[in-house]
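Sequences are here, hints too, so could you generate the full structure?
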Amino acid sequence: MERDCCFRWEDGIFRYRAAAIIIENGCVLMAGNERADYCYSVGGGVHLGETAEDAVVREVLEETGMRYEIDRLAFIHEDFYDGDGAAIGLRCHEVAFYFLMKPRGSQKLNSHSVCSEGRESMHWIPLDELGKYKAFPAFFAEKLQNIPMQAEHIVTVE
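Under full-length UniProt numbering, the first residue of the sequence shown is numbered 1, with each subsequent residue one higher.
Source of the hints: derived by calculation from the structure; they are not laboratory data.
Heads up, some of the hints might be wrong.
[Claimed, not checked] Simulated DEER-style distance windows between Cβ atoms:
hint, residue 1, residue 2, range
1, D54, G105, 19 to 27 Å
2, L48, P103, 30 to 38 Å
3, F14, E53, 15 to 23 Å
4, E129, L61, 25 to 33 Å
[Claimed, not checked] Within a straight-line C-alpha distance of at most 27 Å, the following computed DSSO-like cross-link-like pairs (lysine-lysine) qualify:
hint, residue 1, residue 2
5, K102, K134
6, K132, K143
7, K108, K132
8, K132, K102
9, K134, K108
10, K108, K143
11, K143, K102
Glycine included, every Cβ here is placed at the ideal spot set by N, Cα and C.
Structure below.
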């Protein structure tokens with residue numbers, strides 16, 4: 001059984017995550033689920049012994065049903081926040097690598113994804129409207145308007 005690079009201590013959780021930035025026709029693909037009142041980037045935990053690159057390709061296929069290729073690393077995000085869902089009441093520390101994926105030229109998906117919060121749904125959100133949504137990571141609303149050519153390190157403390 002594969003294990004995510006994640007550990008828990010008394011009052012907190014650390015998680016290593018790989019996530020995708022999938023943009024097609026001026027829209028970014030975001031995920032949601034049955035319990036959350038927000039949307040989030042496609043991606044998930046990196047398994048022990050797995051590279052972040054392999055993890056993002058695997059996660060995108062699992063969540064969208066489509067195979068995407070990596071273009072480049074766009075962001076490294078250190079995120080400190082109070083947990084919700086299964087992590088409610090815990091202090092969370094997440095390190096995530098966000099990879100820009102190569103466009104396929106189609107928004108067609110074959111998603112049947114399920115997460116710990118229930119069935120997931122995929123949403124194509126116009127880049128110029130992303131700021132109107134409760135979406136995570138929050139920096140997407142600004143940074144996806146002009147994605148840097150070099151990977152950018154972002155730290156968020158909520």
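Given the hint that K132 pairs with K102, does the C-alpha gap stay at or below 27 Å? 25 Å, holds
Given pair status - K132, K108, alpha carbons within 27 Å: With Cα atoms ~24 Å apart, K108 and K132 stay inside 27 Å; holds.
Honestly, do L48 and P103 meet the 30 to 38 Å range at C-beta? 31 Å, holds
May I ask you to test the hint 15 to 23 Å on the CB atoms belonging to F14 and E53? Once the Cβ atoms are compared, 21 Å apart, the range 15 to 23 Å for E53 and F14 holds.
Is 19 to 27 Å right for how far apart the beta carbons of D54 and G105 are? At 24 Å between Cβs, range holds.
Holds or violated: K134 and K108, Cα atoms, limit 27 Å. 24 Å, holds
Is the Cα-Cα distance between K108 and K143 27 Å or less? Between K108 and K143 the Cα gap is close to 25 Å, so the pair holds against 27 Å.
Go ahead and decide if the range 25 to 33 Å is satisfied by the Cβ distance of E129 to L61. 27 Å, holds
Between K102 and K134, does the CA-CA distance stay at or below 27 Å? 25 Å, holds
Hinted pair, alpha-carbon criterion (27 Å max): K143, K102. Please report holds or violated. 17 Å, holds
Would the pair K132 and K143 pass a check requiring their Cα atoms to be no farther apart than 27 Å? 15 Å, holds
Violated hints are absent here; each numbered hint is respected by the structure.
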